[in-house]
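Engineer: As you go down the protein sequences, you meet chains S and X in turn.
Numbering of the first sequence is given in this note's numbering, commencing with residue 1 and proceeding in unit increments.
Numbering of the second sequence is given in this note's numbering, commencing with residue 1 and proceeding in unit increments.
No wet-lab data here; the hints were simulated from the structure.
It cannot be assumed that every hint is accurate.
Derived contacts from chain S toward chain X, CB cut-off under 7 Å, selection only [unchecked claim]:
id, residue
1, 18
2, 21
3, 22
4, 91
5, 92
6, 95
All values derive from a computational prediction rather than experimental measurement.
Glycine is no exception: its CB is placed at the ideal position from the N, C-alpha and C atoms.
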Amino acid sequence: MNPVNYLYLAALLFTIGATGVVIRKNAIVVFMCVELMLNACNLSLVAFSRMHGNLDGQILAFFTMVVAAAEVVVGLAIIVSLFRARHSASVDDASLMKL
Amino acid sequence: MENLIALLVAAPLLGAAVLLLGGRRLDRAGHLLGTVMAAASFGLAVVLFTDMLGRAGDDRSLHQHLFSWIPVGGFQADVAFQLDQLSMTFVLLITGVGTLIHVYSIGYMEHDERRRRFFAYLNLFLAAMLLLVLADNYLLLYVGWEGVGVASYLLIGFWQHKPSAATAAKKAFLVNRVGDVGLSIAIMLMFTTFGTFAFGPVLTSTGETSEGKLTAIALMLLLAACGKSAQVPLQSWLGDAMEGPTPVSALIHAATMVTAGVYLITRSGAIFNAAPDAQTVVVVVGAVTLLFGAIVGCAKDDIKKALAGSTMSQIGYMVLAAGLGPIGYVFAIMHLVTHGFFKAGLFLGAGSVMHGMNDEVDMRKYGGLRKYMPVTFVTFGLGYLAIIGFPGLSGFWSKDKIIEAAFAKGGAEGWILGAVTLLGAALTAYYMTRVMLMTFFGEKRWQPDAEGNEPHPHESPKSMTIPMIVLAFGSVFAGGLFSLGDSFIKWLEPVTAFEHGHSPLSAAVVTSATVVVLLIGVGLAWLQYGRKPVPVVAPRGSLLTRAARRDLGQDDFNHVVLVRGGEHLTRSLVYVDHTLVDGVVNGTAASVGGLSGRLRKLQTGYARTYAVSMFGGTAVLIAATLLMRAV
């Protein structure tokens, strides 16, 4: 199978994730969309690794996963505490930075 | 001998320091200490004078190098003194008249609780004035120059509880500053031109310098002289300076400090001789002031202000003589010395009159005082005869020579100057006769004041009359003594140079003309003030009289041109500052503020807005990169 197809898939997933981040209000969903974008990147890394015949991309994908796992921990903790403080997980409610 | 010169300055300086630092515990002995210090300086001056007389004419200049003041590379400013015949003349005048006035002040200031301070200031003045005339370079002279300015300020404003005195002191100080700027510029010019400002090198190297530079230096020196000597256009402070105690007016504003300008011009004679244009300006300034002061003196009813006008006029004579060059320097100094005697005597007489009249200064409220104050009358009368140039008395000898020298200037200039000096002599006779008649002759015109205290005119104590008597002797004999065998000319010639002027009129004609105008002046004054009683309330007077009462508009002129002009200037500067400078600054701030207000609207606070802009930006960047690669 042509590895380029994996890249199309990765682009599709990335676009879905980005659109989700921009248009959804629920913090959990936004968060999941971020994960989707990360994984789209992982997919493209692995695909490129296959295309170029070395393992650099695959190793980098592992790094991404580790970082994403750590990020999930921190991100979920923030969302939980946000929910506790404001009784809502909507990102629009957390717009206190505006004057 | 030369090691003693510094002591001349040190004695009064020590007196001033002790009196000022000693505080109230010296209140009872302060005046004695001050007088002793002045007398010590005078004694020392006499010793140095006799020593100087013992040496030949060219060998009379003494130098004392005290210490190196500002040594920087090739540049040297020393604290060093020079005592030559010119300085010696001044030193004797300053310390002699100064000592007499110290003695006089003991009586005059007896009831003033700040008498110690008064003597401290007088001593300070003596020290500064001696420093001025003894300095051997212009920079040290400048120190003395400023010193006398400070002392003058302190003494004019001595009765500082009177707002008029405080204002007069400020006025004198400020007007003097204008002149002082001239002196400092002159010193800077000297430094760039000659590389030094010691008298010796500067005055001997004028031949190697361009006339333009010398004229600039000379004009700046003249500006300085105008400030200190109350010459037009910087004359306005002298009349108001009469707010000070009368001994101060006698010592500082008649006999010594105001003659510093004449000293400066005479001392810098070599510069002026090489700059004929500047000399012309000097002569014009002298001639104008001569008439200006005399006219003002004719109209004033305040005895001290009348005398102040006279001082201005007499210094005008000296400046005029000094502007004539080598034919005039000696006579300028000679008139300066005789004027020192008779004018100090006249002021002390005026002080004595005020002392007996409850400090009344309006001559219209005097009258007939000769019966009550015989000593004052006689001494004042002798001073009066001296100043109007009564033949045989001091003023006659010195003024007559100046008139002769003015004619000797030659050409149309000579005739004009001669006429001006003769007119000045007539005016002098007129205003002094007026003072004399209004004060000592006629009927008594004083009345009880608002509280019912009638003045009881009485003769002043001995401490006041003795100095007046001594000065009267000087007024009578000094001029004759100086003219005897041309002794004064021979004395000063090695320093100032002298050449006989060739007058188109013979000496006898000039002298007779002087006597004739003198008689005319006296006669006119007698017609107006002697023959008929003097009104107690001043009549409205002619236009000229009214103008002269207002000092010929000197203050109005200053007010309109300088004060009003300055106000307009500052106001327009403020306007420019507010509109233009502030406009630029405020405009920048406002536009930045407005722009950022608009930019702020971009900040919605929603995370997704930022995410969109981030995605958009990234997309644009990537697109641009790809586009560049494709090209």
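Engineer: What are the numbers of the hints that this structure violates, sorted from low to high?
Structural biologist: Of the numbered hints given earlier, the structure breaks none, since each of them holds.
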